[in-house]
Amino acid sequence: MLAEQNEFLLQISEQDNVYVLMRALPKGARLPLGEHTIVCETSLGLGHKIAARAIAAGEKIIKYGAPIGSALRDIHLGEHVHLHNIKSDYIPTYTLDEERSYVSQS
Amino acid sequence: MSANPEFQGYLRQDGRKGIRNTILVAYLVECAHHVAREIVYPFRKDGAHLIGFGGCYPNQYAFDMMSRLCCHPNVGGVLLISLGCESFNRYSLAKRVKASGRPIETLVIQERGGTLSTIEKGRAWLRQTLAALEETTKLAPMTVNELIVGAICGGSDATSGITANPAIGRCFDLLVAHDASAIFEEGGELIGCERIMAERAVTPELANEILSTMEKTARYYTIMGHGSFAAGNADGGLTTIEEKSMGAYAKSGSSPIRGLLKPGDAPPRGGLYLMDVVPDGEARFGFPNINDTAEIAELIACGAHLTLFSTGRGSVVGSAISPVIKVCANPETYRRMAGDMDVDAGRILEGKATLDEVGQEIFEQTLAVARGAPTKSESLGHQEFVLTYKTFEPIGPACLPL
Chain A
3 MLAEQNEFLL QISEQDNVYV LMRALPKGAR LPLGEHTIVC ETSLGLGHKI
53 AARAIAAGEK IIKYGAPIGS ALRDIHLGEH VHLHNIKSDY IPTYTLDEER
103 SYVSQS
Chain B
182 MSANPEFQGY LRQDGRKGIR NTILVAYLVE CAHHVAREIV YPFRKDGAHL
232 IGFGGCYPNQ YAFDMMSRLC CHPNVGGVLL ISLGCESFNR YSLAKRVKAS
282 GRPIETLVIQ ERGGTLSTIE KGRAWLRQTL AALEETTKLA PMTVNELIVG
332 AICGGSDATS GITANPAIGR CFDLLVAHDA SAIFEEGGEL IGCERIMAER
382 AVTPELANEI LSTMEKTARY YTIMGHGSFA AGNADGGLTT IEEKSMGAYA
432 KSGSSPIRGL LKPGDAPPRG GLYLMDVVPD GEARFGFPNI NDTAEIAELI
482 ACGAHLTLFS TGRGSVVGSA ISPVIKVCAN PETYRRMAGD MDVDAGRILE
532 GKATLDEVGQ EIFEQTLAVA RGAPTKSESL GHQEFVLTYK TFEPIGPACL
582 PL
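Just so you know, the protein sequences line up as chains A and B, in that order.
The opening residue of the first sequence carries number 3 in our numbering; numbering runs sequentially from there.
The opening residue of the second sequence carries number 182 in our numbering; numbering runs sequentially from there.
Treat the hints with care, as some may be off.
[Said to hold, decoys possible] 30 Å max Cα-Cα, derived DSBU-like pairs, lysine-lysine:
id	chain 1	residue 1	chain 2	residue 2
1	B	Lys533	B	Lys319
2	B	Lys533	A	Lys62
3	A	Lys89	B	Lys397
4	B	Lys226	B	Lys276
5	A	Lys29	B	Lys533
6	B	Lys226	B	Lys557
7	B	Lys319	B	Lys302
Because the hints were derived from the structure by calculation, they are not lab data.
Here chain B stands alone, though its shape is the one from the complex:
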């Protein structure tokens, strides 16, 4: 492969580098959501991003997700908004963020005189921190092999598996050839692909882990009584979860599968990784991921600097923590929603471009976004965020062969 292209990254204390320098404002229970949103609103296009966890009961997964997101390489500082009586461990989270060298402040609404004064104090902190951020953050040269890139599909139709997903697969092959890390997610959308996927594992032990993960997935969704298949998928020509899966699977490309991650696990080195999003143990708390946004948050928690999002029906979601690049599979959708789409992969169906050409274009877009170019969803201010309850066992050594 050619020499690694270089760009400027934001250097964090742990040695990781980011491509954005976002300040997170995080509410720690739904009761603090409004105050946190009001604090962010005037700064939403200036690098502030709202995240949060709605639940009042503690949950290790939710804590770990929040902690990974707050210490993500694209994040430059954190403001925690607590009501005061929720169970979320704000002390532990603040301690971790502080130890990571980032500016951190916690505002407790019950101790700060209520809604208006907390909003006022939060905005003052945010204004000051944003202004100082570019000066206080160190820059360092960054190469493509330091990038972690996620891939997801949402609003799929029958074109997704023919154009956008295999084109993302080509881009993934290019990224892996440059020794970058590429993560594809596994909602229930790889059901039916288990054997062909296991054959690509770098060790037989990893192949077994993939097979047992897929058994867990099929079992879990069967208990839920509903596959990862929305009504619009069928309108777009898809019929069964297996058909949707085969199309989704194409975005993994053709590299060997180097490891199996769970949400929040960072890839230890370059290569292709599968992310298992289905909770362990008995089925609790409902659907593994209630929508695409929950899955994007999990890819970000694994350290993804940006996410490639394939869509046929036309999804509009995004994130300013790790920008989302929309690859539109369907030429009719592209014409209807060009303002939301970064790449027109439907050209493949119209005979105007090949899979390799679109794969190369996605790769170049990835580098441009890493250099700072905003994606469409980023420019439009999309900052959807969802975090729900889950339970995971830690991954075993077979999941990450040396």
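So here's chain A without its partners, still in its complex pose:
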């Protein structure tokens, strides 16, 4: 099941259009991805996902070979795939992000 790509990235199933980060990466980190090099736009935590290819708005996000939600907008290769650009096809996801950013700013 663990079809390892390199020491940073994991593709769990061959059908997946996302990679899982095997370690946390700081902002600006450079990741080799095939013939491309991805530059991290933000710091990314262990276990977070990046796009393994360009994903169009409305397309399913595939992880474990199964759909885990849909893209809210176009996602480019190597982009962080998270709640800002994908959504559940079942029940909306709850987070404390808004309140937390308010607390950390004030």
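With chain A held as given, fit chain B onto it using these hints.
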């Protein structure tokens, strides 16, 4: 598979065997909680465990849960603490425990002179019963095929579904190969997995039961307006309930699904079982399980001797009725909270171990705990317990194919 490893179990009158010999002190309404807690406190590391039901209105599910827990094979005796005016049927519960051959006492605070004298009497009963317990309980050899093992995940992150859950799945495959019973729970955390799960059912009728259970689950959580997804899950890299579900599903391993249980139903024979925790009928009483602890109690009520608990963010909960083995998915969390974790599955991410190796390690830990080795949460004295209101219809024959 190799020969069944053998260990000593505590033999109960109904023929079932336990791996612990715990005395339960159970309050029958929140008003009796303080007295019950005070009775347990000096004996909390000597085999006494507090459980209870807070509600004053009667509820069949809560009664059945209390009754299953009080007659669990890991339980050697029961002390009921009643205020006196609550609706919980203490007579019926005491009768059942007595019929199971266990020592039982009921103390009614209103009839025993109030708080202090009830605490005093309760402690005296507990001291005496604990002292006599090892002598009065029969021992019998027990083999791994007699074990019932539950699995749950809590405090999940994106590593849970890559390391700890599939490693627990490997352990489940080993347990099933030894003809033990393995139960994985279904909070709202299998939403999105319904079709692949139904394909693993041993009969088409069971597959239909699984599909309709999952429809009920999705409907129920939609009415609640909130999936089984906590804010910390997203911080840990998870995005949607489907993603969390796929990771959670991995802990079921790869064995065929032999049956669908509801809380309190014991697996009739070895094999892999799914536990449906979502109430039947219209959505009442709020969330199916308000937290992980409520789900652990339900696995125990199904007869689980111990529970495998996968965590990425780092959960610390436990039980002394049926010990909880913590399998830590995230290597960073393991380093921060090693004192709470029994297995370091994050080694898989660091390339230091394979899924099969960690699965084997969890299996061996399971046997060690069955032989009496305390888990981390057990040593630390964790005894979280929650029981709330629910409504269930009994399972039909399609749920447990012969």
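Do the hints match the structure? See the list:
The suggested pairing of Lys533 of chain B with Lys319 of chain B is violated, with an alpha-carbon distance near 43 Å, which exceeds 30 Å. A C-alpha spacing of about 33 Å is found between Lys533 of chain B and Lys62 of chain A, which places the hinted pair above 30 Å, so the restraint is violated. Taken as a hint, the Lys89 of chain A and Lys397 of chain B pair is honoured in the structure, with Cα atoms around 22 Å apart against an allowance of 30 Å. A threshold of 30 Å between alpha carbons decides the hint, and for Lys226 of chain B with Lys276 of chain B the separation of about 28 Å falls inside it, so the pair holds.
Only pairs whose Cα atoms come within 30 Å are accepted, and Lys29 of chain A paired with Lys533 of chain B is accepted, the gap being roughly 27 Å. With a CA separation close to 13 Å, the supplied pair Lys226 of chain B and Lys557 of chain B stays within the 30 Å bound. Our distance criterion of 30 Å between C-alpha atoms is met by Lys319 of chain B and Lys302 of chain B, whose separation comes to about 27 Å.
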